[in-house]
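Trainee: Protein sequences appear in the order of chains Z and H.
The working numbering puts the first residue of the first sequence at 1, with every later residue one more than the last.
The working numbering puts the first residue of the second sequence at 1, with every later residue one more than the last.
Please note that the accuracy of each hint is not assured.
Said to hold, decoys possible - Between beta-carbon pairs, the in silico distance windows are:
id : chain 1 : residue 1 : chain 2 : residue 2 : range
1  : Z       : His67     : H       : Pro30     : 31 to 41 Å
2  : Z       : Ser27     : H       : Val29     : 26 to 36 Å
3  : Z       : Glu52     : H       : Leu56     : 35 to 45 Å
4  : H       : Ser26     : Z       : Glu101    : 18 to 28 Å
5  : Z       : Gly28     : H       : Ser52     : 23 to 33 Å
6  : H       : Leu56     : Z       : Leu82     : 39 to 49 Å
7  : Z       : Thr14     : H       : Pro30     : 42 to 52 Å
8  : H       : Pro30     : Z       : Ser27     : 29 to 39 Å
9  : H       : Ala1      : Z       : Thr20     : 22 to 32 Å
10 : H       : Leu56     : Z       : Arg109    : 28 to 38 Å
11 : H       : Ala53     : Z       : Thr14     : 43 to 53 Å
12 : Z       : Leu82     : H       : Ala53     : 38 to 48 Å
13 : H       : Pro115    : Z       : Gln18     : 39 to 49 Å
Note that these hints are calculated values from the structure, not bench results.
Note that the structure is a prediction, hence the values are computed from the model and not measured.
Glycine is no exception: its CB is placed at the ideal position from the N, C-alpha and C atoms.
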Amino acid sequence: DAGVTQSPTHLIKTRGQQVTLRCSPKSGHDTVSWYQQALGQGPQFIFQYYEEEERQRGNFPDRFSGHQFPNYSSELNVNALLLGDSALYLCASSWDRSNTEAFFGQGTRLTVV
Amino acid sequence: AQSVTQLGSHVSVSEGALVLLRCNYSSSVPPYLFWYVQYPNQGLQLLLKYTSAATLVKGINGFEAEFKKSETSFHLTKPSAHMSDAAEYFCAVSVPSGGSYIPTFGRGTSLIVHP
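Only chain H is shown next, with the shape it has when bound in the complex (with noise of 0.2 Å):
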């Protein structure tokens, strides 16, 4: 079975501030890796995916991950945040199964960021 570990609950920058939002899975075949983004109240939204293509994987937002196979790992960064980055990300890892990919999620990591 599939898993993902988000490290920290909490990451709290400055604006303007490099983003890092670590992300470790562990599968046992190549999985397919995604990150989230949730605001308050509100569904998830794709920030970018990995499904065997290009190792750095650009998404919305100025948002970028790198998979590690070596690692086993996603880290999410943005090279300056913004206030409106404040929010939930969630990471998630997905792997074939009965036809489908389920994603599992992680527990969430919790950005905040300062004036």
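Looking at chain Z on its own, in the form it has when it is part of the complex (with noise of 0.2 Å):
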């Protein structure tokens, strides 16, 4: 089983372009979490896809936006870039809403210049 992946694992966008970020869950989960953790932070939930939909949202602008697809992977899309995007990306997948059980993948490293 190869866990939680994510990719890319780095990426370097400039301030107003829009970036996309891919998740696949682990095997045999089917809700996907994303977070953006800045440095020195703790994560800070984005939003959550459980059926191909967004079940809950964090304090994000719209300019934050998601897909979760029929094999329960998932893309993150972040629109009109600003520096202080600068974070690392973190995806999160259980089997369940509880997240009692959550694995998280290495993230994607986003360095908005």
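Join these two chains into a complex; the hints should help.
Mentor: Below you can see the structure in the form of structure tokens.
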């Protein structure tokens, strides 16, 4: 079992650009959550997807959007990038929405210049 | 809304010494509580969790934590530190909301282990 896989591992973008990050959940998991972890901070919840719909959303602007595919994989899209969007973006998957057994990927390090 | 406070952004111990990482939470309803570990350039790994069963929870790598409702605490301990324990540790609290449990994380505590 490959666990949760995220791609790419590192990414450099320019202010104003758009970015798409990808996540494949652990086998058997159908719920995917995304988190933003700024340097020196704990992860902050962005949103959760279940049955291809956004179920919960944290305090993030509409520039942050996502998608879940029928195979449970997920994408995080960020439009109009700001310098403050530079962070480690973590994907976590679980077999239910309780997140009591959430598994995290290694993250995508996004740098906005 | 729930919140987590981790006391001490850095904790330094000698190898073989007791590890104590402090976590206090606030929640208006009975919470789930978690401790995660993060090694450099890695994602988070679940160490242990409290989900309203036994108040003393044992996790991986010799770590354990005790849920104390009266003190709203969930401190993480390990009797004897190992060099490989050096990492960032995050406490998290989650409560039910709209059919989901969404964790709120603390700011983290960096554990430094000296030889």
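Trainee: All hints are to be evaluated individually against the structure, with a verdict given for each.
Mentor: Quick rundown of the hints versus the structure:
{"no.": "1", "hint": "His67/Z to Pro30/H: 31 to 41 Å", "in the structure": "holds, 34 Å"}
{"no.": "2", "hint": "Ser27/Z to Val29/H: 26 to 36 Å", "in the structure": "holds, 32 Å"}
{"no.": "3", "hint": "Glu52/Z to Leu56/H: 35 to 45 Å", "in the structure": "holds, 40 Å"}
{"no.": "4", "hint": "Ser26/H to Glu101/Z: 18 to 28 Å", "in the structure": "holds, 24 Å"}
{"no.": "5", "hint": "Gly28/Z to Ser52/H: 23 to 33 Å", "in the structure": "holds, 24 Å"}
{"no.": "6", "hint": "Leu56/H to Leu82/Z: 39 to 49 Å", "in the structure": "holds, 45 Å"}
{"no.": "7", "hint": "Thr14/Z to Pro30/H: 42 to 52 Å", "in the structure": "holds, 46 Å"}
{"no.": "8", "hint": "Pro30/H to Ser27/Z: 29 to 39 Å", "in the structure": "holds, 31 Å"}
{"no.": "9", "hint": "Ala1/H to Thr20/Z: 22 to 32 Å", "in the structure": "holds, 31 Å"}
{"no.": "10", "hint": "Leu56/H to Arg109/Z: 28 to 38 Å", "in the structure": "holds, 37 Å"}
{"no.": "11", "hint": "Ala53/H to Thr14/Z: 43 to 53 Å", "in the structure": "holds, 50 Å"}
{"no.": "12", "hint": "Leu82/Z to Ala53/H: 38 to 48 Å", "in the structure": "holds, 43 Å"}
{"no.": "13", "hint": "Pro115/H to Gln18/Z: 39 to 49 Å", "in the structure": "holds, 47 Å"}
Checked against the numbered hints given earlier, this structure breaks none of them.
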